[in-house]
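Participant: Chains as they are written, first to last, in the working numbering: chain U, 1 to 708; chain G, 1 to 269.
There are no misleading hints in this set.
So, partial list: chain G residues that the calculated Cβ filter (under 10 Å) puts toward chain U: (1) Met72; (2) Lys118; (3) Leu157.
Ranges between beta-carbon positions, derived for each pair: (4) G:His168 - U:Asp373: 42 to 50 Å; (5) U:Asp373 - G:Gly221: 51 to 59 Å; (6) U:Asp85 - G:Asp174: 29 to 37 Å; (7) G:His168 - U:Ala340: 43 to 51 Å; (8) G:Glu70 - U:Glu440: 12 to 20 Å; (9) G:Lys171 - U:Gly442: 43 to 51 Å; (10) G:Gly153 - U:Ser263: 49 to 57 Å.
Read the hints as simulated data drawn from the structure, not as lab findings. Ideal Cβ placement from N, Cα and C applies to all residues, glycine included.
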Amino acid sequence: MRGTGILFRMALRSLASHKVKSLIVGSIMLFGTALVVVGTALLDSVEAGMQQSITKSLSGDLQMYDSEAKDDLALFGGMAMGADDYGEVPDFARVQTVVEAVPGVEAVVPMGIGLATMSRGSELDRTLDALRQAARAGTIAGEQGQALVARLERLIDLLRTELINSRALLQDTTEVDAQIASIERARGDAFWAEFAADPVAALDFLDSKVAPAGGEGLLYYLRYLGTDLDQFARYFDRFRIVEGEPVPTGHRGLLINQRFADSQLKLKVARLLDDIHDAMTQNGARIATDPALTAKARQVASLYGAISLMLSPEDAHATETELRRALGITDGTLDTLLEALLTVDDANFAERYALFYDLIGPRITLYPYRVGDVVTLRAWTRRGYMKSVNVKVYGTFKFEGLERSELSGAANLVDLMTFRDLYGQMTAAQEEELRAIREEVGLEHVGRADAEAAFFGGDADSQVTGAEAFGTFDEMHPPTSDERSDERPSEAARRTITDETFTREQMLDGVVLNAAVILDRDAQGGTGDIEVARVRVQAAVDAAGLKLKVVDWRAASGIIGQFVLVVRGVLILAIGIIFIVALVIINNSMLMATLERVREIGTLRAIGAQRSFVQAMVMIETLVLGLLSGTAGAGLGAGIITWMGHVGLPATSDILVFLFSGPRLRPTFGASHLLIALVVILIVSLISTWYPARIATRVQPVEAMGDA
Amino acid sequence: MRRAILLVLGLMATPLSSSAQPPPQAPPAQAGALTQDEMIALLRTVDDRQRNSGDYKSLAYIEQREKDKEQMVYEAVVYRRDATDRFMILFTRPKAEAGKGYLRIDKNLFIYDPTVGKWERRTERERIGGTDSRRQDFDESRLAEEYDPTYVGLEKLGKFQVHHLELHAKKDADVAYPVLHLWIDADSQNILKAQDMALSGKLMRTVYYPQWVKMASESKGADVYVPKEIHIYDEVEKGNQTHVVIRSVDLKSLPENIFTKAWLESQSR
Chain U
1 MRGTGILFRM ALRSLASHKV KSLIVGSIML FGTALVVVGT ALLDSVEAGM QQSITKSLSG
61 DLQMYDSEAK DDLALFGGMA MGADDYGEVP DFARVQTVVE AVPGVEAVVP MGIGLATMSR
121 GSELDRTLDA LRQAARAGTI AGEQGQALVA RLERLIDLLR TELINSRALL QDTTEVDAQI
181 ASIERARGDA FWAEFAADPV AALDFLDSKV APAGGEGLLY YLRYLGTDLD QFARYFDRFR
241 IVEGEPVPTG HRGLLINQRF ADSQLKLKVA RLLDDIHDAM TQNGARIATD PALTAKARQV
301 ASLYGAISLM LSPEDAHATE TELRRALGIT DGTLDTLLEA LLTVDDANFA ERYALFYDLI
361 GPRITLYPYR VGDVVTLRAW TRRGYMKSVN VKVYGTFKFE GLERSELSGA ANLVDLMTFR
421 DLYGQMTAAQ EEELRAIREE VGLEHVGRAD AEAAFFGGDA DSQVTGAEAF GTFDEMHPPT
481 SDERSDERPS EAARRTITDE TFTREQMLDG VVLNAAVILD RDAQGGTGDI EVARVRVQAA
541 VDAAGLKLKV VDWRAASGII GQFVLVVRGV LILAIGIIFI VALVIINNSM LMATLERVRE
601 IGTLRAIGAQ RSFVQAMVMI ETLVLGLLSG TAGAGLGAGI ITWMGHVGLP ATSDILVFLF
661 SGPRLRPTFG ASHLLIALVV ILIVSLISTW YPARIATRVQ PVEAMGDA
Chain G
1 MRRAILLVLG LMATPLSSSA QPPPQAPPAQ AGALTQDEMI ALLRTVDDRQ RNSGDYKSLA
61 YIEQREKDKE QMVYEAVVYR RDATDRFMIL FTRPKAEAGK GYLRIDKNLF IYDPTVGKWE
121 RRTERERIGG TDSRRQDFDE SRLAEEYDPT YVGLEKLGKF QVHHLELHAK KDADVAYPVL
181 HLWIDADSQN ILKAQDMALS GKLMRTVYYP QWVKMASESK GADVYVPKEI HIYDEVEKGN
241 QTHVVIRSVD LKSLPENIFT KAWLESQSR
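Just chain G, with the same shape it has in the complex (with noise of 0.2 Å):
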């Protein structure tokens, strides 16, 4: 019966998007098999903890280890604003790279390289920096909105027990991975992780999230979710690898005229 109950809560809070409305309610703790229905609760669950009504900003820092190649380090600024589905990313380290950026506008992905003064349009596959990592990497989770879950099954991912849950891209949905598996703590509903595949079935990335930071935001009136660090390996390149730390978050609002190209620009000169 009370599982009934939060199954019909998380259906009411399936169409809002918005964080002015209650959070949809997941799944109860310890499931067994998930309905469709409770999947889709769950990955809305995901989202939305992870989304900030208001504006976001983080500061990143990514490691690129390849196999036979030295190390490269970035630092950069990651900036969202979610009500419009904005995103930007700024590196501001090492010297070299700072003011290199990628801004994304409705479905079109730029990056910018001060050093040349030019734009390029990217796609969804763009590797940032040339690490592991993708744009969907540090922008906003829409998985619910993005992919059809089946379930897998219940499993143990070390001493968590996690909803293993596979996704198939929804048609016309603009995502760097038609395929996703991923491993949720059926306890916390946080994403512990995820296998990133090809249409054919190969498995291009292994990532995971070991660290999930709980902060309270104002615009949202309620707690966010930030992955404190992600931990990217790359099957296809055995050995290539990507880790990300997330080092500093902050909520508040964010200048108005900020995801532009001359803004972006801006930042270099």
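Pulled out of the complex, with its shape left as it was, chain U reads as follows (with noise of 0.2 Å):
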């Protein structure tokens, strides 16, 4: 004990002695402390964050998935672009008794995953199809009927300006001229008098002769979520209402995400001038100046004419009048006003900006849905044939602190009826027809390879037979629509079937493809407790014998989930480069010190110090230095990371917004950061004075007295 209180003096005598090396020494120590402080608890906190994205809006704290499935559950997108393979859990109620069977577990929510597609015809599509329904209803002759007509003539005027334009740029106008012959004869008074006598006959010659040449519509992919709404709302954190209402329960429905919506589903001019705009409010970014910006502002003004094409004759004449007023333009047309209007620059933007949405876009639709619609869905089943669904769009939504981040928009949601009728769940009955239907026809499989054989090669000479070979058609014939009518819902009953309500027990009775796992808040602590908890619910589906794989929150959300380890490692790396630098530099130091005290030790060594005591005088005073600089390393951390708590780091890009799950990342430490930096570095400090060490033990008494 008095030997070593003898070895702190010694250690501290010298650390005074040799002020220039304990400086640079202990510099090198203090740097490396905090960093390993700041780096830390900056990756851990940001851990948190990315944890909090996550599991409070898509993933819950596990994820239960098929054991067999092709592909890894990927809940913010996988490498197949919506195609991804994760099986199926036959019975959810099933797997929800069971797993809400496990301690710490609070819920268990059921959800599927798929991608759909949702349409927009052309304005001239979407008008002959109002005018087709409103045929119909024999509704023509009315106020909506006849404001469709007038809203056709101008789509179809329009469009001859349009083609006569462009058949100016054609070598062959054979096709254009058969258009434009088609549409003089759909603006002439024979064909209206047609249309007013038999209004679907003349709107079948404008679908098949004139609309073709209006263009393609556009369609949209759509990512959905199906799931119990009801619980997603309870138990994702994040998820907030934007615009309209929840899904009643046991309704169906549509809730689209409003980043989605924004950044994929806005009308391209508007989403165009969102983007300027917030590059110049919140990165204060100029058209002049950045070359994105640039290219942005020239698109802009070239799209006026899809603006043209959705106002109505009404709101044309409206828009003309206002736009001359406000822009101080008298003469030219709505398109050069439009074209006015949408050529921005730095100075106009703002006044431009708002007078988009303050006189076009009241008049336009700006997405292609509005709360309350029905839209259609359509989607690939897994049976490989387009199934379409009716589903009302109640409302839009967001993840509360991750708006602007893109990756919040991964997921829309609807009702996890709806995703089963996307999926293409059949029911027993439908299997059973669908086999009846097979064996009636018994028709023998042949494969690829075997085919040429099986068909070319057998005994017959000829392949022609005589018409016996065919059932007589009335035998085989279908039921008539009269009679099948009984069998089946009506066309009318059918597209109400958004109006259809189901029970809880229907809807927890059926396929899923994945389900999350929350964890009962209060035993919910850290990355060791969800796995302990991933264990325990692992072993829980095993002995019930369902073959999931229960995976974490991050090995459920994919490549983004990664990221954080991908981080961690490279800031181990840099950690580690860095302290093999010091390790160097440090060694190189204390063997410098060690040689330069050659005397001292010698004399040491001749009046009795022992070869250990030498070896642990010159580790203790780095170990002494370590833990002074540790210290004070540590402290200057914990000051940087305050005060980066303090100011909050700002997420300058989309992506950081979901890492740092909001707007700043608000760091913090905890006593785990301090230690573990502490530790390390004393650690560093006792391997890189190893050697030294060896070093001064080898000094004999003789080298001293030779000195002197």
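Mind docking these for me? Both chains are given alone in their own frames, and the hints should help you get the complex.
Facilitator: Right, here's the structure in full:
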């Protein structure tokens, strides 16, 4: 004990007498310790932020899915662009019963991810469709029907102008001439007389002869998460309704992700204007100097035609008048005025942006849906055929704090019954019907490899048979529509499928693709607790004979979840390199200091100091320096983190908003960060002093005398 | 000499598309390499034999097999009015799909889904009911009208001697595949095998027609040939295949207003 005290005193004396060396080595240790504290605390804060973003938006704490799935679950998007195969969980109700009985599990939320399309026909197609419905309802002569007719006439006129302009640029005008001829017919009085007499026939003509010239509509890809919407709203804390209302319990419905709507569904001209506005107001960018903004501004100006097409005749007139007044332009057509409105620069942008949303926005459809609309979703079912479902848009939602993050727009929400329709889940009766049809025909399956031998290598010399090979049509003719009417809902009934309600039991009894496990808020803690729960849940499903894989939120989120692991790896590598450099510097400094102290060490050896005493002396000297510098470094690191936590690190990109779980990261530190940093720096100190200490032990008393 | 006479007869038949005229003469059986004119005559024969001058209605069973997916089967009625190039498919079974339909008017292919009450315009590449079949697989054959042939060779397909032709789509022809390879039975002059290719030459589908049914048509005053079975193998998504069985054919006249959107809609009311 007394020896130790002497060693400490000697270490302090030595540190004081070699100030420059102590200062250099101490600074390195201080910097290293501070780096470890700041790095690990930041990383842990990012991981905690990301955990918040992921667990509170889509994943829950754990996810379960088919253990035989071909692809790994990727809630924020996989590599197969929506065609990922996560297998299926055929009986969710049983899974829920088993897992909710596991201690620490608060709830199990059913889920199913899919990709659907939502289309928006061209203006002409949509107007014709509306007219067809009016014709079916016999309301064409009414006010709304006549407004549609007026709109149609305007669209035909605009299309004619466009075709005549494009004709001048074409070498072969055969097709465009035929289209113009059809349009001329549609503009004639005789055609409108025919329209009045037989609107359906006239609409058929417009559909097949005129509408194809009006261009294709737009197709939107919509990633959706089918779930128990009530439970989702309850257990996913970041979920907030932005517009409209939640889907009522037991009803089918769609909630559109506001971020997705703004970045993917919104009318292109409005999206571009929003992008310019955000870049200018949030990042201080300028159209004149930012090439990306310059390009967007140029693109905006070219899109006036799309707006013109969307305006009804009355709105077109009103817009023209108001734009003339606002822009101070007295001549020119509506298109000229719209082009002028959309020709933006740094000086006029704010005014034009406001004008667009004040004058144009209310008169056009900015999104391909309105809250309350019934939209048609189409998806490829698991049997490979296209399934269409009408579903009502009840509202839009966001994940609070993540509004700016593109990743938060990863999925829209639908009820579980709609998901199952789009997924193509068949009832036992439907499966039986397919089996019966197959059996009725009894087609023998021939594989690709055997096809030619099977089809053309047999005994038959001719491929031709007589008409007796066919059954008579009347025998096989399917029942007429009248005969079928008792077996399936009428068209009108089918279209009101969105009004169908379902019970909770019906919703839970069926297939899902995955399920979120929400852990008890009190029991839930850090990563370790989640891993313990994961093992427990996995054991429970295994014991119940359920073929499910249980993964934590990080694994369930796909490549995003691996981000922190990658960053942690990079940080450890960086710290490792810094410490190797530090180790070499400390080692050299200590070696030099040892060589300078040969006389002192030799004298100590001469008066009886053992080699171990000398070694301990050198090592303790570094340890004391490490302890002092490390403590100061940990303090500095803690100070930096405290300051960062106070001011907040801004999320300067979409991905950072998601990683920071909001617009700013406010990092915190704990005792563990300080302790780890201190231990690391002491270990580095000891390793770096080991060699100088060995050299010191080899100093002989005679070397001290020799120097004298 | 006999071949020359037949060729002249074939050429004389060339401009005649109506079945009121005698069918064009195809090249003789067991012929060697065909000339351009003989190939065109052969394609006209293939087209003409499948064409009915009146209306056509068939009951088709369509079975779709996809790798790692459950099978899907449909029953559909195919309606054709070859004289005016009208075409329609109405799905009748299973119940969940009944009422869906395709309607071709001029160059437009529309699809109707009664579950959502909407029409949509589709392209010639549309996979009928999500299967590997296309509209052309069910519609009137227009090979001579839509493609220019070149001769590849006289080959054996199983035990049958076949003319192997390579066809390239004519300019402005609205077809699903721009390049076709056909293997036509030199004896019966029925297509036994077809391969559909993309413009790049990539093989997309192989189609087999192992059986043809010959039936008398009153309106045509001649026989009409109908494939009994069509087996389509997807060459891009290996393992995917569609098998079509024509179970019955009716060549009687159809109601006048049948090829309209209104009629198709009415079938699901």
